[in-house]
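Student: Here are the chains, one letter per residue:
Number of protein chains: 2
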Amino acid sequence: MAEKITPRSTDYSQWYIDIVTNAKLADYSPVKGCMVIRPRGYALWENIQKVMDAKFKATGHSNAYFPLLIPESFLKKEAEHVEGFSPELAVVTIAGGEKLEEPLVIRPTSETIIWSMYKKWIQSYRDLPLLINQWANVVRWEKRTRLFLRTTEFLWQEGHTAHATSAEAHEETLKMLQVYKSFVEEYMAIPILDGEKTASEKFAGAVTTYSIEAMMQDRKALQAGTSHDLGQNFAKAFDVTFQTKEGTLDHVWATSWGTSTRLIGALIMTHSDDKGLVVPPKLAPTEAVVIPIFRKDNVAEVSAYAKAIGDELRAAGLKVETDLDETASSGWKFAEWEMVGVPVRIEAGPKDMEKNQAVLVRRDTGEKLFVAREEIPAKVKELLEAIQKNLFERALKNRQDNTFQLDSWADFVKLMEGDGGFVEAAWCGSAQCEAEVKEATKATIRNLPFALKDKPVNKPCLKCGAPGQHWAVWAKSY
Amino acid sequence: MAEKITPRSTDYSQWYIDIVTNAKLADYSPVKGCMVIRPRGYALWENIQKVMDAKFKATGHSNAYFPLLIPESFLKKEAEHVEGFSPELAVVTIAGGEKLEEPLVIRPTSETIIWSMYKKWIQSYRDLPLLINQWANVVRWEKRTRLFLRTTEFLWQEGHTAHATSAEAHEETLKMLQVYKSFVEEYMAIPILDGEKTASEKFAGAVTTYSIEAMMQDRKALQAGTSHDLGQNFAKAFDVTFQTKEGTLDHVWATSWGTSTRLIGALIMTHSDDKGLVVPPKLAPTEAVVIPIFRKDNVAEVSAYAKAIGDELRAAGLKVETDLDETASSGWKFAEWEMVGVPVRIEAGPKDMEKNQAVLVRRDTGEKLFVAREEIPAKVKELLEAIQKNLFERALKNRQDNTFQLDSWADFVKLMEGDGGFVEAAWCGSAQCEAEVKEATKATIRNLPFALKDKPVNKPCLKCGAPGQHWAVWAKSY
Chain A
28 MAEKITPRST DYSQWYIDIV TNAKLADYSP VKGCMVIRPR GYALWENIQK VMDAKFKATG
88 HSNAYFPLLI PESFLKKEAE HVEGFSPELA VVTIAGGEKL EEPLVIRPTS ETIIWSMYKK
148 WIQSYRDLPL LINQWANVVR WEKRTRLFLR TTEFLWQEGH TAHATSAEAH EETLKMLQVY
208 KSFVEEYMAI PILDGEKTAS EKFAGAVTTY SIEAMMQDRK ALQAGTSHDL GQNFAKAFDV
268 TFQTKEGTLD HVWATSWGTS TRLIGALIMT HSDDKGLVVP PKLAPTEAVV IPIFRKDNVA
328 EVSAYAKAIG DELRAAGLKV ETDLDETASS GWKFAEWEMV GVPVRIEAGP KDMEKNQAVL
388 VRRDTGEKLF VAREEIPAKV KELLEAIQKN LFERALKNRQ DNTFQLDSWA DFVKLMEGDG
448 GFVEAAWCGS AQCEAEVKEA TKATIRNLPF ALKDKPVNKP CLKCGAPGQH WAVWAKSY
Chain B
28 MAEKITPRST DYSQWYIDIV TNAKLADYSP VKGCMVIRPR GYALWENIQK VMDAKFKATG
88 HSNAYFPLLI PESFLKKEAE HVEGFSPELA VVTIAGGEKL EEPLVIRPTS ETIIWSMYKK
148 WIQSYRDLPL LINQWANVVR WEKRTRLFLR TTEFLWQEGH TAHATSAEAH EETLKMLQVY
208 KSFVEEYMAI PILDGEKTAS EKFAGAVTTY SIEAMMQDRK ALQAGTSHDL GQNFAKAFDV
268 TFQTKEGTLD HVWATSWGTS TRLIGALIMT HSDDKGLVVP PKLAPTEAVV IPIFRKDNVA
328 EVSAYAKAIG DELRAAGLKV ETDLDETASS GWKFAEWEMV GVPVRIEAGP KDMEKNQAVL
388 VRRDTGEKLF VAREEIPAKV KELLEAIQKN LFERALKNRQ DNTFQLDSWA DFVKLMEGDG
448 GFVEAAWCGS AQCEAEVKEA TKATIRNLPF ALKDKPVNKP CLKCGAPGQH WAVWAKSY
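Top to bottom, those sequences are chains A and B. This note's numbering puts the first sequence at residues 28 to 505. This note's numbering puts the second sequence at residues 28 to 505.
Honestly, the hints are just simulated from the structure, not real lab data. Misleading hints may appear alongside valid ones.
You can't tell identical chains apart in this list, so a pair holds if it fits in one copy or across any two.
[As the list claims (entries may be wrong)] As a list, the in silico DSSO-like pairs of lysine-lysine whose alpha-carbon atoms are at most 27 Å apart: (1) LYS82 x LYS346; (2) LYS346 x LYS77; (3) LYS84 x LYS378; (4) LYS378 x LYS334; (5) LYS309 x LYS51; (6) LYS59 x LYS263; (7) LYS59 x LYS104; (8) LYS247 x LYS147; (9) LYS146 x LYS31.
This one's a predicted model, so the numbers in the text were calculated from it and none came from an experiment.
Start from the sequences, fold in the hints, and give me the full structure.
Tutor: Written as C-alpha cells, this is what we have:
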C-alpha cells in the first residue's frame, strides 16, 4: 500500500495512475482496455449512485433495465447515431454455438433499444411523459484507455425520457443538467462550467447537447456529464407517435442524459495530492480513522483508548475505522490512510490518553488540532464540513486562477503550448475554426457557457477574426 | 392495464405470463430471449438488492466490478467449467471494426476473470479471506426462455471469496446459503428447502453445490439460489497460491454464490392469484393505495378526504399512493391496483367521509375492515405484518400439503403424471438412477435436504431398490 507516488510536478499522468492503483481503486484487467473496479473504488461509485439515484427519483424518474445486446440494424436507423458509434462497437457474431443471422452489438448507449420499446409503450398523451433511467454497463472500443477516464467497458446511468412537446423535452434536458451540476458541486466538491456543446461536439443523434465541464489540477478540462435534447430524431427513426390531447398524431420528443464511472477519475484528479487520494467527506466510505500510537509498555491501554474513541464516533453516526494493527508502525499507518484519502485522522497516544484528548489531522491541509475527548465527535463533524467546503473552494480557485479572457491567437497558442487553462474567447460559429484550433493546439470548445450567454459578444473570433457570435470556453481536455 | 388474466386452473404458464406483462413487470425485447425489466419489476429488484446487499455487507463482504468480457481461453482452464458453459456462450469476435485475435465471451458467470485477478491480489495469508460480491448482468444463451425465470441475459449478484483453509471456505458456503434462505423466507415470504445438490446437478467447477428450493403453486420446484464450495479448483486452474502462516505455499480455497432476477419469478409464482400480482409487504414498492369513491356531486370533497388520508399515512412512514384520477371508475381502479399487487387498498367514499373512517381491503384475502380515521396508519401497519405472515404460511401449507413420503416407484410415476409435488424418498446415490427418473418423469433431485440429513435412511432407492444412501427430495422444476 505505502508505495511511492510519482509527484504531480514530475509526471501528472503517472501520478494519477499511481493513485488509482496504490489506493486500490482499480486495476488493469487481462482484457484490453477493461478495468477492474476494486472495493475501495466501487465504494465511491456506490456513494455516487446512492445520491444521484435519489435525485433522479425526486425528479420523477423510475429505474428500469433494457437488454445489453442490440440488433446491429437498430443502430443504423438513426443516421448520425450509427456514424458516431460504428467505429467503437463490440459485436457478438456467435451465440449458443451457432453463427447469428444478425450480429448483435453490445450497447454503446441505449437509445435505439429503448426507443424500440417506447414504440410499444406509447400510444397516447396519457402515456407521457415517460421518465426512465437505467444503471448499466456499456462498451465502446477505445484505442487509448486510462483507468476510470476512458475504458472500453464502463458503468454509467443513462436517462431516457419521452415527452409530448418540444418545450417539455427541452426543459427536462436542462433540468437534468442542473441535477448533475448540483450533485458534482455539492457532493464531489468540483466546480462546474455548464453550457451548450457546439455542433461538432454534440452527441451523435442529438439536436442539442449540454455538458458540465470541470478543470483538473493540470488545467485540462474533463467532461463530467452530458444531457441531450434529441428532438424527434429517435421517435422518427423508430416511428414512435402518440395521439395528442387534440386527437392529432405527432412524433414523441426525447431526451437522454448520462454520467459514468469517469466521475471517479474527475474526483481523483481534482482533489488528490502527492500523498495520495483525497475524498470529499460527503462521498467518503470512511470519514475518519483512529490510530493509536503505541509505546512498548502500554499497547493494551492505548489500544483500548483508541477503540473507545472509535466507538464514540460511530455512536455519533460517523463512518469510522479504528486501525489497531500492532505489527505496523504509526508512520506507516499515517501514510497508508493518507493514501486512501480518509478525510480526518485521529491520533491517540499515551500522552493523549493521560490528558483525555486526541489529535485530529485534516487530510486536505495537514492541520493538527488537539481536542478534548468529549468534543471529538462534534469537532470531527465540523472538520468534515470544513474539508468539503475547502476542497470546493480550492478547486474553484484553481479554475479562476487558470481561466483567461483572450482575444489574441498568438497568446492563445502560447498558453496552450505552456501551462494551458480555460480560455474565454469569442467564436464565429464555424466548425472549420474549431477544427483548425484543435489541429494547431489540441484545444477544443468545451462548451458555450450559460454564464456568458447574455454577455454581448464584442470581440472577433479567436481564430479567424470574423465577428464573434458566441462566447466559448476553450481548453485541452481528457 | 385491466386486461383479463388467464386463470391458473386453465393454463398456469399463461397465467404467469399474463401477470408479468399486465402488471408491467417485464416485456419481451426485440432480442431473442432477452427481456426488458419495466419500472414496476425493477422496483422489486431494487428492494431485493437493498436488503440482500445490506446482509452481504453485514457478513463482511465488499462490492467490486469485474469486466463483462472474458478471453475465451480463460474458460478452458477449468475442465468442468468450460464443459458446462460452452454451449451457452455469446462470443464477441469483432471489436472496433477489427476481427479480434482472441474471441471474448460475455460472462456467463465470473469465476475465471475474478480468479485471474485474485492471482495478482493474493500473496499471503494476510490477504485472506478476500470477500467480494458483484452485482452484474450475465448472458447464457438459452434455447427456451421465460420472462424472469430463464432469460438469455439476466441480472444477478455473484459472491466470490478466497480463503486460507478448506474448513473456512466450507463455512462461508453454508453461511451464504443461510443468508439467502433467511432473506427469501423473511422478505419474500417463500418457505425454503435447503440442502446439497447431487453431483449431476452441481455447478460446473464446484466440489459441492448447495441450493435453496421453493415450491410454486403448480407444485413444481424453483431453484432460488445456489452456493458453491469450489475447493481449490479455480485456484489451481489460475495458479493462485499464498504463503501460509507457517511459511509454506498452498493453493487458495474458494466459494461462489449467486441469486438473480429469477427471484422475481419465484415471488410472482408463489403468491399471486387470478386477479394479478401479490407482493409481500416487506418488498412492496407501494404498501397501500388510497382510492376515493366519487359521487358526481362531491368529487372535490372526497378527493380532498382521500388525499388527507394518504398524507397521514406517508407522514407515518408508509409508502402510499393516492389515486385521484377522476376519469376512471372505482371498480376499474380496484382491478388495476389488485393487478399490480399493492398489499392494502383503502377506499374512501362519501359515507366514510361522514363517519370519518375508511374501508381497508387486504390484497391477500380480500377481507374488508372499517377503520376509524385516526386508527388507519396503525391498522395498515398491522395489516402489512399480517399479510406478510399469511403469505408465508399459505405458501408453507401449499408445500406441506404437496410433499409426500413415497417408496413405490409406481406411486411416484403416478404422482408426477398427475398433480406433481415434492417427494421425499430414499436414493441409492447413483447418477444412473437420477437420469432414469428424469427420463421417465422429468423429475429431478432438487437437493438432499439438510433437514433429513440425520434421519436414518431405512428405505430402498425409489428407482432401483438398492439400499438407500440419502434422503432426497424429487420434483419437476423450472
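Student: Just pull the numbers of the violated hints for me, sorted ascending.
Tutor: Violated: hints 3, 8.
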